[in-house]
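**Student:** Quick note: the sequence shown, position 423, residue 812 per this note's numbering, numbers continuous.
Please note: incorrect hints may appear among the correct ones.
Taking lysine-lysine pairs in the DSS-like style, the calculated list, with each CA pair at most 27 Å apart, reads [to be verified]:
| id | residue 1 | residue 2 |
| --- | --- | --- |
| 1 | 540 | 524 |
| 2 | 466 | 431 |
| 3 | 800 | 775 |
| 4 | 543 | 430 |
Pairwise CB distance ranges, derived in the manner of DEER restraints [as the list claims (entries may be wrong)]:
| id | residue 1 | residue 2 | range |
| --- | --- | --- | --- |
| 5 | 452 | 629 | 24 to 34 Å |
| 6 | 799 | 700 | 31 to 41 Å |
| 7 | 700 | 720 | 22 to 32 Å |
| 8 | 427 | 548 | 52 to 62 Å |
It is worth saying that the hints were derived from the structure and are not from the lab.
Every value quoted in this text rests on a predicted model; they were computed, and no experiment measured them.
Even for Gly, the Cβ is constructed at its ideal location relative to N, Cα and C.
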Amino acid sequence: MKKVILSMALLLCVGTIMGQQDKAAIKQAQKEAKAQMAEAKKIAEAITAKVNEKTATDEEIITECKKGQAYIRKALKSGMIDEKKLGEAYKIYADLTQFPNNTILGYVQKGQPFDTLYFFTNLKALTTALQGEIKNTNVTKGETGNENYLKSRKANLAQSANFYLFAAQLFSEGNKFDKALEAFETVMNYTQLYPEVDGQVKYQIPEEQIPYYAFHTAHEGKMYDKMDALFDKAVLYTENAAATKQVMVESFRERGDTVAWANYVRNMTIAEPKANESYIQMLIAYYLKKDKEAGAESNLMLPYVDEIIAKDPNVLIAHYGKAYKLFESEKYDEAFEVYKKCTELKSDYYDAWYQCGLCKYRKALALNATVSSIKNQVEAKKALEKTKELFGEAIPYFEKARECTPNEPQKWAFELRQCYTVTGQSEKAAEMDKLL
Numbered sequence: 390m391k392k393v394i395l396s397m398a399l400l401l402c403v404g405t406i407m408g409q410q411d412k413a414a415i416k417q418a419q420k421e422a423k424a425q426m427a428e429a430k431k432i433a434e435a436i437t438a439k440v441n442e443k444t445a446t447d448e449e450i451i452t453e454c455k456k457g458q459a460y461i462r463k464a465l466k467s468g469m470i471d472e473k474k475l476g477e478a479y480k481i482y483a484d485l486t487q488f489p490n491n492t493i494l495g496y497v498q499k500g501q502p503f504d505t506l507y508f509f510t511n512l513k514a515l516t517t518a519l520q521g522e523i524k525n526t527n528v529t530k531g532e533t534g535n536e537n538y539l540k541s542r543k544a545n546l547a548q549s550a551n552f553y554l555f556a557a558q559l560f561s562e563g564n565k566f567d568k569a570l571e572a573f574e575t576v577m578n579y580t581q582l583y584p585e586v587d588g589q590v591k592y593q594i595p596e597e598q599i600p601y602y603a604f605h606t607a608h609e610g611k612m613y614d615k616m617d618a619l620f621d622k623a624v625l626y627t628e629n630a631a632a633t634k635q636v637m638v639e640s641f642r643e644r645g646d647t648v649a650w651a652n653y654v655r656n657m658t659i660a661e662p663k664a665n666e667s668y669i670q671m672l673i674a675y676y677l678k679k680d681k682e683a684g685a686e687s688n689l690m691l692p693y694v695d696e697i698i699a700k701d702p703n704v705l706i707a708h709y710g711k712a713y714k715l716f717e718s719e720k721y722d723e724a725f726e727v728y729k730k731c732t733e734l735k736s737d738y739y740d741a742w743y744q745c746g747l748c749k750y751r752k753a754l755a756l757n758a759t760v761s762s763i764k765n766q767v768e769a770k771k772a773l774e775k776t777k778e779l780f781g782e783a784i785p786y787f788e789k790a791r792e793c794t795p796n797e798p799q800k801w802a803f804e805l806r807q808c809y810t811v812t813g814q815s816e817k818a819a820e821m822d823k824l825l
């Protein structure tokens, strides 16, 4: 029992010693933070006086402010500054970052070179400092109050959003896309990061352009995950929405992910068929290629165009793609009806008129190929007559194709000559011969 009591007493003694050591360490840390803050304040006051007297050189401003910032950052990071002194500490920090910012903006006005990365790093410190000062300074009103001063600090913080935008532009031009995107993201989230200036920020460009530029910066930097996240906002800049969609689509090919490309284009075109007809054409070609590679059982294209037509029955390329697939599968009657629909949508559509005629023409050729194998003469004669009838049915469609391209006989004269010959129109057949 005595041993237990002795052990407990020893523990209490150790605890007391450790508590005393902790208090001593805290006291020392507070002392160091106070000294660091005092040194930073001394530098800030000295450089402020020189700036006001216009005796400070640009190099001196930047060098001295870097020193002062190092002191005040250490003090703030330690967490040992008295809470009542935090407003003052952040004011010192803000002053030490505001001077270099103004110096660099002077370089911009004069067209002089400067360190973009330093500008950006200092800007981040400036906005952090301004926010800290605003949050930790109690507002006092009246003639001797600080109300107007704090309003000016808020104005500086709000204005800094445009400096981030400028930094983003500089980084983008210098191909430092990761930094450019960091700056853009700060701008896009500015009032969430700095709620103190919510409603006060006025950008130098329309706000909807910011995610647009950020999106294209992400593309240039091949930061595809960022592109995906920015797309919905970027496309709201309607003036260049088409270009944004095109870049997004092509990015999937750049990634080497044709399946993702196809899925994305499919969803986009089904959602807005009329606005994306060129992409419908691309995807039709893609599905046709895939169907061909996979064999006769593959049927990716037809369900897709049927979805497009169901959403908007007036999309010409969807009807033409469907007709093409049916024709390729030798379903001439079905293909004919869809090609005919194409002519209703576009009355001067040569391809559709020609293909209507070709559906009848190919069907006639296929039937004619069977005549010699039909043993029953009556049935053979019927098949031959039907063949002539089909050639005759093809004529008006080839003639419409001729009307669409009258100066290009190579596009219709051969088929018309054959049809005229079979149907006994020798003079017209001879005319086609001359044209050929």
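**Student:** Identify every previously stated hint that the structure contradicts and give their numbers, smallest first.
**Tutor:** 5 and 8
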